[in-house]
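Q: Below, each chain spelled out in residue letters.
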Amino acid sequence: MKDLILQVQEVSISFGGLKAMEEVSFDLPRGRITALIGPNGAGKTTTINIISGIYRPQKGRVFFKGQSVTGQRPYRLACLGLTRTFQNIQIFQNMTVLENVMVGLHSRTQKEFLSSLFFLPGVRQEEREIERKAWEILDFFNLRNKGPWPAASLSYGDQKRIEMARALASQPDLILLDEPVAGLNMTETQEVAHLILRICAQGISVLLVEHDMNLVMKISDQIVVLNFGQKIAEGPPEAIQKDPQVLAAYLGTEA
Amino acid sequence: MTWGWIKNKSYLGLLLLGLTILLFPLVINNPYYLNVVNIIGLNTLIVVGLNLLIGYAGQISLGHAAFYGLGAYLSGILTVSYHFSPWTAMGLALMVTGLLALLIGIPTLKLHGHYLVMATLGFNIIVNIIMIQWDQVTGGPSGFPGIPNLKIGALVFDSDQKMYYLIWFFTFMGITLALNLVQSRVGRALRALHGSEVAAGSLGVKTEAYKVKVFVLSALYASLAGSLYAHYLTFISPKTFDIFFSVELVTMVIVGGMGSIWGTLFGTFFITPLPVMLHFFDEYKDIFYGFILVFILIFLPEGVVVALRNRYRTRNRRVSGADLQGES
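Chains as they are written, first to last, in our numbering: chain A, 1 to 255; chain B, 256 to 583.
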């Protein structure tokens, strides 16, 4: 199918005796925002870790742009155009904001050890190009004035935005956002919502894992609901809000 | 713009370093001091490579004395016992040492965590035991004598002064290449995987391959220094390359500053002459090292040079931050 960016097919994985994902299947339409929701421990982050290549599924397959990428290493996936952010911030604390974003361009640039060591022709040019693009991305995120700052000195909200900026710098076709507004206040959440919409408007598909239901219902085109490692519902926000199984999972009533 | 400035600054630094290296023997030509400065040069070469590994990529090795020793012994054995020319021996030593580093690096750096410390520690002990025990080949505990000097045409590097220029030429090159590397895409990727391996991977950095490559590179730096050492002193013995020297090398990295190539120079200039300066309480030398290490780790964990630089930058940023607020 041409309009699917990602297909997850009957993926299962268990840790010890715990079945974190059981025969989970869903598709992500290209150029849309899909949300993955579910109560704590439902398997959302596990799903993201499988898609981004951190875990290898024990059963099932993952297709990205029609090509099987099951168990591929994260750096390979990044080169293919699939990247992510992290629930617990994984910013490079030891680098400046600009440098963080410049690392984001790693998969789109080439110069390796030997060229860099001996400063071979083309290194300077590529370096300038990396820096120019990184500033552009910082502009997009309205972080230009913080470019030279050490990343560790920024506020939590800004660090979350840097993580998105860095991921966007890798020029992905699909970006996995793991709880991008967790811990942010209302204003910051609104800003991030706006950013996600702008990212999507650039033609980048988004898979959003989030607990903030207001945000999810407002910006996603499609929602996949997990509970205890199984998919219990899938559909547009309006349908999900009325789905009895989803309500049962969240409110704990008997279905 | 920021980058351009930093780059210019490091070229200025290299220019100053180059001039200092050239002019130093004109001021000081006492062979004893030159000898100390030569050993500092060799240590700097090793520690610059080691800093790429520890300070940038965040991987710790306690076995670099072994790579240093491999360079020295391979150069010695190949020239004396197998009659290779010193330069060929140096090249072969680099190849063998690099290969051994690759063999250690591939399995241990696949694992997350500090497995490299244990592997390199063990490796250093094994290499040192071989140097002591395999006496038909290595000369055993009494050492390996009669290593020829390096020469280019009719120029034989047989004096402290001539070796001074050769050693510091290689050290200068080593510093230049390291500066090129850390200011590049690869250098950023190394620091990134130090910061967060999983995030670096998700952005396309081949974290395992990069860790192995920088480990091999640092071993090559040490091997080169070892070969120069062997052809300089013409006599080598196992004691020079034991595990305590590996610890000393790590101390030099930490004192100078992890992730600071210029700090390396401070670390080696400060630590290398200590045994000479402290010879009057010889047996307490190790206590002194320990004290320095503990002091630095408690009060200046980022190293002396990096701490000073950060303090300077923070002050500057406060000033420019105030300016920014004034503008808005």
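Hints were generated in silico from the structure; no laboratory data involved.
Since we're looking at a predicted model, the values are computed, not measured.
There's no promise every hint is true.
[Claimed, not checked] Derived lysine-lysine pairs resembling DSS-like cross-links, with alpha carbons at most 30 Å apart:
no. : chain 1 : residue 1 : chain 2 : residue 2
1   : A       : Lys111    : B       : Lys365
2   : A       : Lys65     : B       : Lys417
3   : B       : Lys417    : B       : Lys494
4   : A       : Lys133    : A       : Lys111
Q: Assess, step by step, whether the Cα of A:Lys133 is no farther than 30 Å from the Cα of A:Lys111, and give holds or violated.
A: Between A:Lys133 and A:Lys111 the Cα gap is close to 16 Å, so the pair holds against 30 Å.
Q: Under the criterion that the straight-line Cα-Cα distance not exceed 30 Å, is the pair A:Lys111, B:Lys365 satisfied?
A: holds, 23 Å
Q: Quickly compare the C-alpha distance for B:Lys417 and B:Lys494 to 30 Å and report which way the hint goes.
A: It holds: about 26 Å lies between the C-alpha atoms, which stays within 30 Å.
Q: Does B:Lys417 lie within 30 Å of A:Lys65 when you go C-alpha to C-alpha?
A: violated, 63 Å
Figure legend: structure checked against the earlier numbered hints; the only hint not met is number 2.
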